[in-house]
Amino acid sequence: MLEPVESRSVSPVFVGRAEELQTLNGALARAAAGEPQALLVGGEAGVGKTRLIEEFAAAAGRRGAVVALGGCVEIGADGLPFAPFSTALRALRRALPGELDEAAAGQEEDLARLLPELGGAAPAHAFGRPDEEGLARLFELTARLLERIAADRTVVLVLEDLHWADASTRHLLSYLLRTLRAGRLVVLATYRCDDIHRRHPLRPLLAELDRLRTLRRIELDRFNREEVGRQIAGILAAQPDPARVDGIFERSDGNAFFVEELAVAARAGRRTGLTDTLRDLLLVRVEALSETAQRVVRMVAEGGSTVEYPLLAAATGLAEDDLIEALRAAVNAGILLAVPGGDGFRFRHSLVREAVADDLLPGERSRLNRRYAEAMESDPALVPADERAMRLASHWYHAHDPAKALPAVLDASVAARCRYAYTEQLRLLERAMELWDTAPAPVRAALRPVDCVAVYPSCDPATPLRYLDLMAEAVLAGRMCGERERALKITRRALHLLEDEDDPLRAAWFWNQRSTLVQALGRGDGWHELATAQELVRGLPPSEVHADVLAGVANWWTMHEPGPQALAAAERAVEYARMIDARETELDARITLGVLRVDAGDVEAGLADMHRVMDRSVQEGYPHVAARAYVNLPSGLEAVGRSREAAPILDEGSEYTRKFGLLGSEARVWANLAETLYALGNWSEAATAAANAARRGPSTKPLGSAALSLARLALGRGDLAEAARRLAAARDCFGSHDTTPQQWLPLARIAVGVAVAEGRLLDARDELHRALDAGVPPGTQRYAWPLLLAAATAEADARTLPAAQPGRAEALDRIAAAAKKLTTGAPVWLAHDSWVRAELRRAAGEDTPGLWTEVITAFESLDRPYDLARVRRRLAAALLSSGTGRPGHTTAGGDDERARATELLRLAGAVADHLGARPLADSVALLAQRARLTLTCASQRTPADPVEALGLTSRERDVLRLVTAGRTNRQIAEELFISPKTASVHVSNILGKLGVSGRGEAAAVAHRLGLFPTGTLTAGPES
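As numbered in my numbering, residues 408 to 1430 make up the sequence shown, in order.
Hint data in this document are derived by calculation from the structure and do not stem from the laboratory. Predicted, not measured: the structure shown is a model, and the values here were computed from it. It is possible that part of the hints are untrue.
[Claimed, not checked] Listed next, the in silico DSBU-like pairs over lysine-lysine satisfying Cα-Cα at most 35 Å (straight line):
id	residue 1	residue 2
1	Lys896	Lys1227
2	Lys1108	Lys1066
3	Lys1227	Lys1388
4	Lys1228	Lys896
5	Lys1108	Lys1228
[Unchecked claim] DEER-style ranges, computed between Cβ atoms:
id	residue 1	residue 2	range
6	Ala1181	Ser1391	42 to 48 Å
7	Gly1028	Pro847	41 to 47 Å
8	Ala1251	Arg1102	42 to 48 Å
9	Gly1028	His903	35 to 41 Å
10	Pro791	Glu1408	57 to 63 Å
11	Pro791	Asp1009	54 to 60 Å
Using N, Cα and C, we set each Cβ at its ideal position, and we do this for glycine too.
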């Protein structure tokens, strides 16, 4: 046996890298000041990335930072899902046990997928529906966990070797770097740039991260000749001969690791000539070991990035003394390192490991993997529980034993799904499909379903597993991880196999999945696939598949062609789900039914249905259904103009969806809240809500809704460039392959508004015609009325323009015809009906005060301050256009009309100023200037009813007068003979109608507008 080779293989001197270390220390200082930092360190293998990180981590620790390091783990060619994050969180928990547990409180079940020590993880065999937003929720909770831990201390999170990262790790890192907003946190990741070939999976992530302005890239160069000399001096503890430095510099080309190897080899008297390959140089130390030590080194090379000592002992079969002696020799030779704080070993540098692994013979590699697998099967406690399934599957697969590999791979796929590692689950399922035909028939016959997919037929643990069952799991995994193209190909293969079988339920299931995938990929609207599934289940006994297909059909009709057909489909879906006790499907279908009932005019019944579903789904623990109710119930209320009722439900919904990490639903809640706040006249809050929707939205549809809300706000405020930009963004998000009425109608309304504001009336007409050609199905009145109103207003404003005459009659006829078909079953749509008819009359030159008085009366009972201000301006214009209201007429009637017009314009102007609605404010000012009206001070005559013109009821007028006088709610209640709670409700309504946030602002508005003469503020209630 050879004596162990003693070697100082690492220079005690940190050489160079001053600029890079300064960048890292600067990031640490900024993080300590509360600004999260993200950095990527790239460089070729052996260039010194790990040494730089170690130096920085030591300095950070001296400054009081908590450093948590995690490395991407490679097992053969497989990476462990989330391995670096799990390792880093484990290190954080060791350093800050109480703080991490407190930060994770209430979210242990989800976070245990990354850190099982938190407890509360999902069971190993999770049956039922896939968690559509589980992965996004896990990402969000992880980001917030790190923010909470780093709230009052500096934390450095180091993720090494991203070139080995699994897809789930890459996706989580991307999310983390894109969403970090607060905390004293530094996220630092390293990767090998020479390994990133054109098709390497890390390349798209690097390109994506390069676009982040908050991320800094550090690329490590090789050492120059002077730095190589300093490194050699540190290794040799003496000044080297210049000729030796020249030789090593030329041979290594400045790579720090090769410099080290060459320096040690030269000191030991080994050749360093150019005839030696670098691979031979890396193996020369290994070959100097005893045969037993070499066997151990080869065993470690095939075991992964780190191998536990008990596992190594079991796999090698060596006596303990012999194993320890072999390990000591490898450690002394600078080949292996004992893992700090653990009971395992790893290679000192991955280049050495790769050289040893590449030197293995094919049969030798299979034998080593078999030994690992057999050891782990004999004693599962040899490896951590959260890694066992994945590692066992990898070793059996690389041992080329299909009989053992197939069951192990299936178990690993379940473990991956339970961790939301859907990309790894898909890879494992594809591997299982690859192994299926080569595995012995008895092995296949003994397999049972280990993981049931959503509403998949015959998912019975007593039924033998079929190849089609694997395909079904793979389809869902592909959907969950975004690999929709792969999933679509699997559905095509599955349906081809089913052509020779009489299995309509399975075929319907796969067609249903194809519908979802086709829509997501932009290949169509999915109706052909859905209709095929519906036809396959027609006439079959009720089943989960049948109910699910019917629910999908009802949803499709609701989105694309709402009306009687959609209502009938929703009723059938509810009925079938109830018959088979599919509670979640039933509740989900009831939401669709409630939406359709509201749209059909059965408002109270539809709203009551959705209220019940929301309450029951929360109580019974169906968060995805509850989240959908929190989106659709307020939307239904908004559809009938009950914005004041919708707002608190949306506030509650944002909290609920955030609590459960349902990012897509939360984004939709914020988008709906933006629409509601816009209607209520809270435009600043609406902009914030829309920004939240854009920030939280994990998919394009919520982003499109957010962009649409921001476009509507920009148009109302007169920022045409911003409105056009947001409109284009919304169109990009919604796409053109599968548009729905709730998309094309609002898009057309904004497009008409932008075109009219830019003087492009003909383009506005084209937008109107395209939208009407696409259709206005029943139940889409909430989107159609604003479009018709915008178009009618544009035609009325352009009535006298000669260039507007061609095509004018057709446009007016189409507006009138479309308006006749729209329902007016709610006060808000009755008001819009009156408004559109008034604009059409104005377009025909029949503008009278009586016409607009009717419109104002319709809007005064609604929570629509902006709309009310616009129609007040119209009534003022009509009054001033009448004979007695024109300047120069001095009759009593003329004075009354001018006074009334003045007050209407003052009120409209006040709302426009409060909202920042510049076009409305400008039109008010221009009309007043033309009519020679002064709006800056109170009129000489008391307006006929200025308070009522604000849209307040008579009771709210009394309450506002007392609020202006400084009364409390209790004092108001006593004076008006009402309860304090009722007084509080009146005050809240008043604040909303005035568009203010507090009683003081309400009083200021009243004083500014001169609503109550000073002498009336202490008087009792008016009769």
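Each hint tested on the structure:
1. For the proposed pair lysine 896 and lysine 1227, the alpha carbon gap of about 47 Å is over 35 Å, so the pair is violated.
2. Our distance criterion of 35 Å between C-alpha atoms is met by lysine 1108 and lysine 1066, whose separation comes to about 22 Å.
3. Proximity of lysine 1227 to lysine 1388 is assessed by CA-CA distance (about 43 Å); at most 35 Å being required, the pair is judged violated.
4. Among the hinted pairs, lysine 1228 with lysine 896 is inconsistent with the structure: their alpha-carbon atoms are about 44 Å apart, more than 35 Å.
5. Proximity of lysine 1108 to lysine 1228 is assessed by CA-CA distance (about 28 Å); at most 35 Å being required, the pair is judged to hold.
6. Range check, alanine 1181 to serine 1391: Cβ separation about 46 Å, and the 42 to 48 Å hint holds.
7. Taking the beta carbon of each, glycine 1028 and proline 847 are about 43 Å apart, inside 41 to 47 Å as hinted.
8. Against the hinted window of 42 to 48 Å, the Cβ-Cβ separation of alanine 1251 and arginine 1102 comes to about 47 Å, which satisfies the hint.
9. Checking the proposed 35 to 41 Å range against glycine 1028 and histidine 903 shows it holds: the Cβ atoms sit about 39 Å from each other.
10. Judged by the Cβ atoms, the range 57 to 63 Å given for proline 791 and glutamate 1408 holds: they are separated by roughly 60 Å.
11. Judged by the Cβ atoms, the range 54 to 60 Å given for proline 791 and aspartate 1009 holds: they are separated by roughly 57 Å.
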